[in-house]
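**Student:** These are the residues of each chain, in order.
Protein chains: 6
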Amino acid sequence: MPRIVYIDPVGPEGACHSLKEELEGIKHKRTEVEFIHLNRGPRHLEYRYYESLIIPDLLHTIRNLEEKGYDAAIIGCFYDPGLLVAKEIASRIVITAPAEASLHIAATLGYKFSIIVGREKWIPRIMENIEFYGLKDKLASFKTLGLGALDFHADEAFTVKKLKEKAIEAVEQDRAEVIILGCTMQFGFYKELQEYIKVPVIDTIIASFKYAEFLVELRNRFGWQVSKRYTFENPPFSEISKWQLDQQYP
Amino acid sequence: MPRIVYIDPVGPEGACHSLKEELEGIKHKRTEVEFIHLNRGPRHLEYRYYESLIIPDLLHTIRNLEEKGYDAAIIGCFYDPGLLVAKEIASRIVITAPAEASLHIAATLGYKFSIIVGREKWIPRIMENIEFYGLKDKLASFKTLGLGALDFHADEAFTVKKLKEKAIEAVEQDRAEVIILGCTMQFGFYKELQEYIKVPVIDTIIASFKYAEFLVELRNRFGWQVSKRYTFENPPFSEISKWQLDQQYP
Amino acid sequence: MPRIVYIDPVGPEGACHSLKEELEGIKHKRTEVEFIHLNRGPRHLEYRYYESLIIPDLLHTIRNLEEKGYDAAIIGCFYDPGLLVAKEIASRIVITAPAEASLHIAATLGYKFSIIVGREKWIPRIMENIEFYGLKDKLASFKTLGLGALDFHADEAFTVKKLKEKAIEAVEQDRAEVIILGCTMQFGFYKELQEYIKVPVIDTIIASFKYAEFLVELRNRFGWQVSKRYTFENPPFSEISKWQLDQQYP
Amino acid sequence: MPRIVYIDPVGPEGACHSLKEELEGIKHKRTEVEFIHLNRGPRHLEYRYYESLIIPDLLHTIRNLEEKGYDAAIIGCFYDPGLLVAKEIASRIVITAPAEASLHIAATLGYKFSIIVGREKWIPRIMENIEFYGLKDKLASFKTLGLGALDFHADEAFTVKKLKEKAIEAVEQDRAEVIILGCTMQFGFYKELQEYIKVPVIDTIIASFKYAEFLVELRNRFGWQVSKRYTFENPPFSEISKWQLDQQYP
Amino acid sequence: MPRIVYIDPVGPEGACHSLKEELEGIKHKRTEVEFIHLNRGPRHLEYRYYESLIIPDLLHTIRNLEEKGYDAAIIGCFYDPGLLVAKEIASRIVITAPAEASLHIAATLGYKFSIIVGREKWIPRIMENIEFYGLKDKLASFKTLGLGALDFHADEAFTVKKLKEKAIEAVEQDRAEVIILGCTMQFGFYKELQEYIKVPVIDTIIASFKYAEFLVELRNRFGWQVSKRYTFENPPFSEISKWQLDQQYP
Amino acid sequence: MPRIVYIDPVGPEGACHSLKEELEGIKHKRTEVEFIHLNRGPRHLEYRYYESLIIPDLLHTIRNLEEKGYDAAIIGCFYDPGLLVAKEIASRIVITAPAEASLHIAATLGYKFSIIVGREKWIPRIMENIEFYGLKDKLASFKTLGLGALDFHADEAFTVKKLKEKAIEAVEQDRAEVIILGCTMQFGFYKELQEYIKVPVIDTIIASFKYAEFLVELRNRFGWQVSKRYTFENPPFSEISKWQLDQQYP
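Residue numbers (the numbering used here), protein chains in the order written: chain A, 578 to 827; chain B, 578 to 827; chain C, 578 to 827; chain D, 578 to 827; chain E, 578 to 827; chain F, 578 to 827.
A few of these clues could be false.
Identical copies go unnamed one by one, so any copy, or any two together, can satisfy a pair.
Claimed, not checked - Derived pair list, reagent style BS3-like, types lysine-lysine, alpha-carbon separation capped at 25 Å:
#1 Lys645 with Lys819
#2 Lys805 with Lys768
#3 Lys805 with Lys738
#4 Lys768 with Lys604
#5 Lys739 with Lys805
#6 Lys805 with Lys819
#7 Lys775 with Lys738
#8 Lys606 with Lys645
#9 Lys645 with Lys805
#10 Lys805 with Lys741
#11 Lys775 with Lys805
#12 Lys606 with Lys768
#13 Lys768 with Lys739
#14 Lys741 with Lys713
Please keep in mind that the hints were generated in silico from the structure rather than gathered at the bench.
Given only the sequences and the hints, what does the whole structure look like? Please build it.
**Tutor:** Below is the structure:
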């Protein structure tokens, strides 16, 4: 009975509380799902500064989940904030995030994908992840909507209209074969867009949740879990305690 | 109840019949698994010529499976022979193969992976796939054992000894964080090697089977299936019948 | 007296029988030229499926030509179908194809080239070859006409008009310095387009034929023929006969 | 009179207090230099976790320096921790760091450089920066000493011996033309090594300090400072105060 | 007291004599600046032919400056003509040029830069340098004005209007975060354009001059000067004199 | 009757006068071949400085050959000195050089090639050309002999021994499928080495000569000659004469 936690890595006010219900609807029968947010934090993470602020709390949350025996944690933002460092500090708990999951799925479903984001500002940040994941050759283009993370659901009809426009451009001009909705706040739109544009449209919350279930199974059955050589080598816990880091950063 | 077929894309003599049992042991409870081979063909596919010969039969097998309503077909060779064209002719059946599945999993579990193959001859062929899948930046190195596809189980102790040597080189010298066993005929070795080398060692048969289950679920639940724009656009069935291709190539 | 065969790798109905005459007009005085097609097959090869079907016949045709002592075979389609595997099974006969030949010539005549193709569908397929040939850094762009392989000569005035439009875009916007007509079925247009656009316009049938003559001379005079290490290592003929592949695939 | 602060981004115990003197020795006559550390933190930053912990304090330190009118801040660790986010939150203060500075200088002094690091663990982390800075084509190799950040000065003779060995390998085998000492804790070694190996050996503390002076001059004289479009666009200060981030993260 | 010479690498008629004054205005207080041109030569260097003609004179000029003890020479054209060979023949004198300096500065100030050039003709030539300097991943785009090197100051209002148009395109469409004025003859425009477009606009004469001062300081203080291994290894002066090259090429 | 000139781009003393005979032996029956050298110059071109010195004379030689109606000129050094600028000033005469020709041929005969050069010093210079020709993905490795350009024939037995060693390394360790002898002064060795190593070994003088014949035929028959857009656009002859460049550079 895998226990998976979806972390909305923002403060209580920004968290999208209806997500729990959504996740209940898509999980495997035997999976248990929880939805949490942080106790403090900005309402969105469009800026690197906001990300930097929440990462220590996020990491401590994940260490705590690991101690309690959870099987997986999802870091619910398309910047995949803290994903690499979370894999470094974790020992056994599976950690994944929307971009990692979506990019691998999209690369499997078509030759090139486009990512529809809110603002140009996000592109270099997302590009960093694509380079690390090694998938930049699969990128057809970024398209931008001119909307912030908190704007997508203000006027949903308008958002849908813009998404359709940009998806058409991506497919017709940039030869994208798959579309990724490059912000978790674009939840709820993939189905309509997918029917319209007739190529796969990846909702990144769903993608990350199903990828987490998949990775938990690989870990449990075959011992395939994050490599502890080099990139994700744990920091020595002796150092952490000698330096009293837990007390210094409560 | 997903029905998945593992195709050993060689003739009856070459087919590894014990695989069915193995797959029974790793499948989801509700998955039904079948194991088939082709009615004619070489005993291994180390050469492009052998691949070219079997592909038409393989494609017709897959079209047949699709008509019968199977959910997924796995093309069981690390060259992923015919994977792209199979995705082109298929409409709904999920198709995957060992390299596609293993590369995405390995890229998720570590920064760089190495692939241990039998002979240098295989490397450019595998490299072609890695480029298409867009993951060449994740490759630390290829290592070769000096063994053909049919040799791995002739003297298993020797094979294990060589695998350990090469895995050490990959991790220590080439900084690989994950190992992929680059031939389906290397089945049966991953566990011992993984315990020894202490980084994930991917068995590509298992990887492709679990990836197939995962992709079937994404298709069934979210409609995420291979994009039919451009690369995998179906050939027009009107042409196929007008030109009587089915009769010409029985 | 080099004997060169141009293979139109489609069935009898699709074959462009007037080509023989054209080739007679461009060959070296001492070259003997033949034009053949396959005994069965689709009328064009726009889809990977069609390619896969014809490749075994094509390979057996080439083995046959080699046994008869021909000097070179040209695989007459811009997808260069089966070129790599043909080089693998061949021992001495020179094999080349339109894309291989055109790309090397175009790279010599200018810094960047554009390729004008019929449909977007073709682009990823052609891109695979460009990557293998190692010339992707020389590609300025693909331009598409919105025409299938069999449409170019339906309304030649229209085709010319579209070619001119796209060539202008390639040169003015994408800074192409050379144009490649990315389908053998675009034969007959290069001269008019070249006079119009004033950069070299490569007809890929001509390019492949002259490249074949060039390669035959290099082989005959200096022993420079396809390397038999690794990529193009012959399959062991002992295996082929032990497994009775010739009987299995007549 | 430019005022530049070198931040040793570790806690008080780890900070290398003798650096202030060193910096006094290399500054422009009119530059004022200060040396600070953080009030809490680990003693080194070899792990992403340690980096993540110190970044919020580091950013608040830099905002504070900016308010006080300092001209530049140097983030003194070869991981350049927080450099991108620091440029995002800063408005006018120049921020640089050892890797950024050293890589640009090394790229100017030779065709390829090698970086000598302490442990393999560091390489993917540093590689991320090299990719972002766009200089990965200039990298000849990484060489590792098998020493942690705190070990370099434990037995300096041994460190020098190892440095010489690795520098020779880098120059002779990997064809490096410049050596970068890839950890600020390798201070004090560049001169001896440079005389020995006879190619430039970059001390990254010095490099970052002089680069800071250079960038301050460019800013003051020509208005060339970090672009505020896209990557380094400031977070809206209205949001920061509306969400009370300063109170939430004291 | 560093002595720096700015070489306008054209003949007396083409040289931009007012530059000396400009450079006086931007130099460090203690720097001495000289401005020279060649005794013969074309009036601009838009063509490789013109470059090739002036390079021997340029090199002999630089050798002469080195003998006289000058600290740095700047080769004042955005093609950086002869920069690599000048570094090869020089022993101690610092040599830099507009593209080298501007590209490193621009890469430091933003994620991607665009270069505004006069004519498309220049682009492949400049691209060669960008590849050598290793910074091609930082290039957002080239924009062209449709003006030759000698046209920028014919109608300055028109030039400014075009520069603004192209800068807007670069920033808005190509997501450039920094603009480089890709010809030394675009001097005098950066300030107005920078105020208008609100991202850094690099004047490449200024950039190269300040970079020269910076490099001289690195050389004088830390011995960091061009590596003499491999790329910039001096030709053996014994050969030069044995072959009487100085007499042969007076 | 094509008239082709092989230019040994060194002074009279360095020129390898026996080459004429060799070329007579490999030319097409109807080709006329001439062998020339420059009137002054160094004896080899291992340094960029030597190259820079000879280029103006080389260009004037080529312009002269073009005026006299020659069909092709070969610039006989593996650095391909002045090839790009020669294509720029030429209007109709074909110009090629050893690296351009050899790289395209080698890329056609195998998946990856290695280049055996004399000294490490040469590698970055040759790499520049490989990047411009767009073929860097085909390069398996450089191997060095530790010999200067004038040393290869001092002790031919020793040279052959070293060539064999390095060729073995290239094929066995670096997986090269073709060998290029990366200096025209390595003439005379390809046959013995080719028989020994059993992969194609390209003599670059022969390669360039046959490539010249091939290119002349393409030009004469199909009008395929160097594109005059952008990279190889001629300098305006009006400028050349207005500025009296011919008089200034006699």
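**Student:** Return the numbers of the hints above that this structure violates; sort them in rising order.
**Tutor:** The structure conflicts with no hint, since it agrees with every one listed earlier.
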